[in-house]
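**Q** Here's the letter readout for the chains.
2 protein chains.
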Amino acid sequence: MAHDMVKLGLAGYGTVGTGLARILEENGDWIARRLGKRLGITKVLVRNLDKGRAFPPGPKTTFTTSMEELVNDPEIDIVVELMGGIEAPYQLIRSALEKGKPVVTANKALLAERGPELFALANRQELGLYYEASVAGGIPIVETLKQSLAGNKIKTLTGILNGTANFILSEMTATGMDFTDALGLAQDKGYAEADPELDIEGMDAAHKLCLLIRLAHGQDYPLHDLPVQGITGMHPFDIEMARDFGYRIKLLAQVKDRSGHLQAGVFPALIKEDHILAKVDGPYNAILLDGNAVGPIMLYGQGAGDLPTGSAVLADIMALARKTAPNNTGFIEESLPKAQILAPEQTVFRHYFRFTVKDRPGVLSTISGIMGERNISIAQAVQKQEPQGGGVPVVFFSHAAQLKDVRDALSEIDGLSFVCAPTVHYRILS
Amino acid sequence: MAHDMVKLGLAGYGTVGTGLARILEENGDWIARRLGKRLGITKVLVRNLDKGRAFPPGPKTTFTTSMEELVNDPEIDIVVELMGGIEAPYQLIRSALEKGKPVVTANKALLAERGPELFALANRQELGLYYEASVAGGIPIVETLKQSLAGNKIKTLTGILNGTANFILSEMTATGMDFTDALGLAQDKGYAEADPELDIEGMDAAHKLCLLIRLAHGQDYPLHDLPVQGITGMHPFDIEMARDFGYRIKLLAQVKDRSGHLQAGVFPALIKEDHILAKVDGPYNAILLDGNAVGPIMLYGQGAGDLPTGSAVLADIMALARKTAPNNTGFIEESLPKAQILAPEQTVFRHYFRFTVKDRPGVLSTISGIMGERNISIAQAVQKQEPQGGGVPVVFFSHAAQLKDVRDALSEIDGLSFVCAPTVHYRILS
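Residue numbers (the working numbering), protein chains in the order written: chain A, 1 to 430; chain B, 1 to 430.
Simulated from the structure, these hints should not be mistaken for lab results. Accuracy of the hints is not assured; some may be wrong.
[Unchecked claim] Under the rule of at most 30 Å between Cα atoms (straight-line distance), these lysine-lysine pairs were calculated in the DSSO-like manner:
1) A:189 / B:155
2) B:323 / A:37
3) A:279 / B:189
From just these sequences and the hints, can you work out the full model?
**A** This is the structure:
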């Protein structure tokens, strides 16, 4: 069977690029059966021509260090951006689109920060700018939101979007190890970068959440407006306490439609152990969403890695190779309106509190009195006799309360003389 | 904003048709923002014009009892088949395709039995014949296999595809109730049909599995070649026994690629309680698959119901309304080859056995001797002192064994004088 060849120009040949090349070699005939065309990597942009490559991208691939050479090559049908960073890939994608080439990218940071400009350009050029690999690795959440669930209004979307953070929390939960050891283990296993800050501080999940908000709601939620709390320094005591009460702690990225205003953020939260998201362990990712027609849907899989992410890049390449009309944002507008943002202070959740206090009479009633004045009512309370941080821990599980009230109460409580350390508090997913 | 109208002709206006109409009313503006077009139900084929409809399909909808009138209406852009049955919808879909109209159907039985003819016709006509709603309700598994994971070879696909059976097993597990009571409860809750045979005997799951095999493997696995075992008469003792050993029993539909030959079937099986499929309870469906690039992926959601199924029908309608090139089977061939089927006897699984025997010396050693001769080795064994069926139950969990050996051993064992009732056996998912 003779096949047309769709020619790919790759920018970057690291983990994901190598993964893509391996899949194209292993599954090339299979892809041709699906597509009626073969896919070939013909040119690769790299920083260093002399570096050895463990897996060559293809028999006829040439390497270049010139971005111009890649985007100007008339042979190349699709440009695949796998460079990382912001400025260089931004320039590359702009140039490629201006030259009339559709683009596939896995770059969540770039799209979160400068997506609107690039989507507007792609729209003017009537070209595809696809990004399945930018959220949750091989899980087809971008396609699902653009196509399969496009007729649904998404009431709530809750994601476990960072595999490193999830691995750390899973290990701490399973073994009782502390945060530093769990992070070290994640690094040993290759899940965490040498500089893990983006992962554990929640920014990586925030980038992905920005993209998902755009896809689910057709609104641009500026990254710098998104409240982001990571898991750095998560204490084993809180994980154990959560377990005792039947909860797991996960780093969540969530957006809720609250009467047309979006309540969104990245934060660690307690989840009941029989909740399906509580079962998402180790480096896995999952997105649970609730559509007003489809009801609850969850997609689960590996959020990172050469082959899973390569699989998502390949899905986009195949979609573009089919030359269907581009569907980049999932909406017909050239640019999406800025999100109607619910002030984070108005966010309502149940909360977990750990106070560290001197063990003396009247402490509990003072704290619960202050909380009561702020309309925070206590569902469960427990005092542990294990001295910690110069005091003993007192844990409260609250009923639903507004974040503003929680912050006001804590600022008052943390100023009391018998409080020995800043209060730890996490949300509880309901 | 002025919008084109895409006109839908519905055949059948039962649960799913009503669900679709409700979604179109509720989400009409939202859909127009996604699509640049409005969707309207303009004609509905019904059996009885005089029947009252709880929810009208649209302000300008006309009803007809004539299939010809529906497919000949030049105004109708897309025909949506929601009739049920085989012969009448087959004729309808044929006529619609012959008249040049793309078709959306939720009819798994029809596509399992006569899909190849209809897909060949759609291919000749270059028309879409879409069927997201035919498998697992609102879960976008059809689109995912056709598009997002199309570049993957699927090594194993395991589905919980029948919500009624899953609800029954979940109730039996949670409450210890017996099969008949759980079935009655499923009927009371509206999950089970008045005649639940298709659900509990496994045929409904088998229909869906045929469709998934086609999508994942590009091969036609004839329905009548598929080994199907349902859950009728499932005994609470076995569910409890499975629980004692850390397992749940689920009705599974599974296909595995074993060196190019497909091992497929529908069967109840024991699943370790910490396996993600073991958490799929009640009327929910899930599909877990393992692609050679993406690794394990699971999609989870409601497998039935008016709105979830309507959501899937709507996804297909929106895909067709975008007028993209049709992609029906996910492969470019006009017709798919017949599957390379692995003989069911060669299927290898771990097994659960419950023997009902007279409580006398030598029984265990005789049974395990016969199993040993057939290369079935025992991982765990337990004898309960609760008389049952004229004997006492003896439970074995085996290591992996070939189905042929299991059947040969059971036929010998069930002929022994001390065996009081036919041996119950289920597979164990590994």
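**Q** Which constraints among the numbered hints does this structure fail? Numbers only, ascending.
**A** none
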